[in-house]
Each structure stands twice: as structure tokens, then as C-alpha cells.
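Participant: Sequence:
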Amino acid sequence: MPEVMFAGPDGRLEGRYHHSSEPNAPLALVLHPHPLHGGTMNNRITYAMYRSFEKMGFSVMRYNSRGVGRSQGRYDGGIGEISDAAAALDWMQAVNPNAGALWIAGYSFGAFVGMQLLMRRPEITGWISVAPPAAHYDFGFLAPCPCGGLMIAGGKDDLAPEPAIHKLVDKLNTQKNVQVDYRIFQDADHIFAKQADEVVEALEDHVTTKMAHRTMALAAD
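Quick note on full-length UniProt numbering: the sequence shown kicks off at 1 and runs consecutively.
Possibly wrong hints are sitting among the right ones.
Said to hold, decoys possible - Restraint-style ranges between C-beta atoms, simulated for each label pair:
1) Arg120 <-> Lys194: 33 to 39 Å
2) Glu3 <-> Cys147: 40 to 46 Å
3) Asp205 <-> His166: 19 to 25 Å
To be verified - Derived pair list, reagent style DSS-like, types lysine-lysine, alpha-carbon separation capped at 30 Å:
4) Lys210 <-> Lys156
5) Lys210 <-> Lys171
6) Lys194 <-> Lys156
7) Lys167 <-> Lys156
8) Lys55 <-> Lys210
9) Lys156 <-> Lys171
10) Lys176 <-> Lys194
11) Lys210 <-> Lys176
12) Lys194 <-> Lys55
13) Lys210 <-> Lys167
14) Lys167 <-> Lys194
For the record, the hints were derived by calculation from the structure and aren't laboratory data. No residue lacks a Cβ here, since even glycine has one placed at the ideal position from N, Cα and C.
Let the sequences and hints guide you as you build the complete structure.
Facilitator: Structural data, given as C-alpha cells:
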């Protein structure tokens, strides 16, 4: 998993990138939790999702947002971090101009950033949001949400309470052509200490199912 440094809006950003051996492989960008609470690209859930996409044949990147690790700049309250995510996506797309699909996967604060990016980049074909902080951030910008995805909540999560996530899912599912695959791990708290394997299994199940449906739809055209 080669280290990469790429230009961000507020200085150079540090990442890890795996390039698939498959021609025109799909892309995935994985976003880490809150930088002021110890969130980095080496977070256990972030890393597990990265390796999961790698295993499925994706070209995949995880990276440190501004001010984290060797990434330049300083924390910007979420606004600059969305621009960092867009820069990471730009870098991957420049390396993979003919990618077959594009997925965004975020954990906690990374889920918020990922969903913001989803609204700005119409080429995104799928998303994963683990423990999105729906009680702390307004997700009303998802109107309309451009596509369905997978949302995961922990039943014992005090930082991203399941009822707030459930309310967001119900709201998204009322939108036309949007279907959210919602999974609750009842024993999980915010760090998913014993549920990393379950997160990976849910991610792989959702992504492989959606990719198969997409392939069938393209073949039918």
C-alpha cells in the first residue's frame, strides 16, 4: 500500500493508495473520524474498510485530512475537510480516468464529510456511512440524495445515537429512487471495538450486491 502525497487546497496531503491490477477497476475513497478526537487514516474501522475495498478489487485510497499526520494545514471545522476529500478524489480520478464506478466510505465525522462530497460529485455511484453523527450535524443537505447506500449504526453508541441515525434513514427513504440499506449492530458503541468484522461483512455484502445490479442494468441497455 504505497504512500502518496498529493496537493490539497491548504497544502500537501498524505495518503495510502492501492492500485488494482484489474483494468478500469472501480474506485473507493475512505474517510477517517474527527481529527480533533484522534481520527486518522490509520483508525481501525477506516483501515478495515480500506482493506475490504482492496480485497474486492477496487483501487482505493485513505488519507489524512489537513493538520493530521504529515498532512499540511490545520483543522477547518469541516468546510476545508470537504475540499480535502474532493482533492483526494481528483487525484484518484486523474490516475484512473476510466474507472468503472466510484464509492465513498466514511466513519463518524468522515461519514459527514463523505455525504457532503456525495452532493458535490454526481459521478459517485455508491456510499457507506458508519456511525454518521446525525445528532450533531444537520444532514438536511441530502435533499435530494442522489443515490442509495449503506448506513450502519451502533445500538449502544452515545456519540452518534441510533435513534437520530434511524430518523435520517427514514427521511432519506421517502425520497424518490433512494433506498438506504440500514443495519444496526445492537452491541456496538461508537468505536465498534468488537464489530470491525461485522462492518466489513456488511460493506462487502452491500457493495457486491449493488455492483452486480449495476452490471446487469448496464448489460440490459
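Participant: Just to be careful, I want the Cα atoms of Lys167 and Lys156 compared with a cutoff of 30 Å; is the pair within it?
Facilitator: With Cα atoms ~16 Å apart, Lys167 and Lys156 stay inside 30 Å; holds.
Participant: So if I understand the rule, the pair passes when the alpha-carbon distance is 30 Å or less; does Lys210 with Lys156 pass?
Facilitator: Holds. Lys210 to Lys156 sits at ~28 Å (cutoff 30 Å).
Participant: For the pair supplied as a hint, Lys194 and Lys156, confirm whether the alpha-carbon distance does not exceed 30 Å.
Facilitator: Status holds; Cα separation ~12 Å.
Participant: Using the Cβ atoms, figure out if Glu3 sits within 40 to 46 Å of Cys147.
Facilitator: violated, 31 Å
Participant: Keeping to a limit of 30 Å between CA atoms, is the pair of Lys167 and Lys194 held or broken?
Facilitator: OK: Lys167 and Lys194 at ~25 Å, within 30 Å.
Participant: Hey, Lys194 versus Lys55, does the alpha-carbon distance stay inside 30 Å?
Facilitator: holds, 21 Å
Participant: Quick one: are Arg120 and Lys194 within 33 to 39 Å, going by C-beta?
Facilitator: Taking Cβ atoms as reference, Arg120 and Lys194 lie about 35 Å apart, which means the hint holds.
Participant: When you check the alpha-carbon spacing of Lys210 and Lys176, does it fall within 30 Å?
Facilitator: It holds: about 18 Å lies between the C-alpha atoms, which stays within 30 Å.
Participant: Checking one constraint from the list: CA of Lys156 to CA of Lys171, max 30 Å. Satisfied?
Facilitator: Roughly 22 Å separates the two Cα atoms, so the pair holds.
Participant: Given the hinted pair Lys210 and Lys167, is their Cα-Cα distance within 30 Å?
Facilitator: With a Cα-Cα distance of about 23 Å, the restraint between Lys210 and Lys167 holds, given a limit of 30 Å.
Participant: Keeping to a limit of 30 Å between CA atoms, is the pair of Lys210 and Lys171 held or broken?
Facilitator: Holds, at roughly 21 Å.
Participant: Would you mind confirming whether the straight-line C-alpha gap from Lys55 to Lys210 stays at or under 30 Å?
Facilitator: Holds, because 16 Å separates the two Cα atoms, which is no more than 30 Å.
The structure fails to meet hints 2, 10 from the earlier list, while all remaining hints are met.
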